[in-house]
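Peer 1: Sequence:
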Amino acid sequence: MLSWLVLLVTALLFYAPSSSSIVEDYETAKKTCANKPNEQSCIWTTVGLQEKNGAINYINLTKYYAKKYDLSENVTKAILKFCQSIQGFPAEIMVGKVDRCFGVEKYRYSVEHPGA
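Numbers -20 to -1, 1 to 96, taken from mature numbering (1 follows the signal peptide of the UniProt record, and there is no 0), label the letters of the sequence shown in order.
These are calculated hints, taken from the structure and not from any lab test. Some clues are possibly wrong.
[What the hints assert, rightly or not] Restricting the straight-line Cα-Cα distance to at most 20 Å, the calculated cross-link-like pairs of lysine to any residue (SDA-like) are:
id, residue 1, residue 2
1, 47, 87
2, 48, 81
3, 86, 51
4, 61, 89
5, 47, 61
6, 61, 80
7, 43, 86
8, 47, 86
9, 43, 53
10, 61, 49
11, 48, 93
12, 86, 52
Could you put together the complete structure from these sequences and hints?
Peer 2: This is how it looks when you write it as structure tokens:
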């Protein structure tokens, strides 16, 4: 339990969103970039869109999962950051992998933080 808390705090401290070309809606991003993964800033990673300059935009998946699971954006960001850290960044669409990781970690978080 302590290790999860350390990961959560670390993820929250080091989260720094990119302000350029953020795609706020997950489904829109998916449609826009699914068939053109190497064009513009549409290089998919396991947790969002990776721009050509290497910056990762978490905001689209953050909003999507926060709404889907009724979580705060800070908790959602921490879970996504953890999923990113254990899965890496293949430059392909890995939405199913994100869903599985997020579902498992969301459950673990709810068990370790009841009522959060």
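Peer 1: Could you run down the list of hints and mark each one as holding or not?
Peer 2: Hints, verified against the model:
| no. | hint | in the structure |
| --- | --- | --- |
| 1 | 47 with 87 | holds, 16 Å |
| 2 | 48 with 81 | holds, 14 Å |
| 3 | 86 with 51 | holds, 9 Å |
| 4 | 61 with 89 | holds, 13 Å |
| 5 | 47 with 61 | holds, 17 Å |
| 6 | 61 with 80 | holds, 14 Å |
| 7 | 43 with 86 | holds, 15 Å |
| 8 | 47 with 86 | holds, 13 Å |
| 9 | 43 with 53 | holds, 7 Å |
| 10 | 61 with 49 | holds, 16 Å |
| 11 | 48 with 93 | holds, 19 Å |
| 12 | 86 with 52 | holds, 12 Å |
Going through the hint list in order, the structure satisfies each hint without exception.
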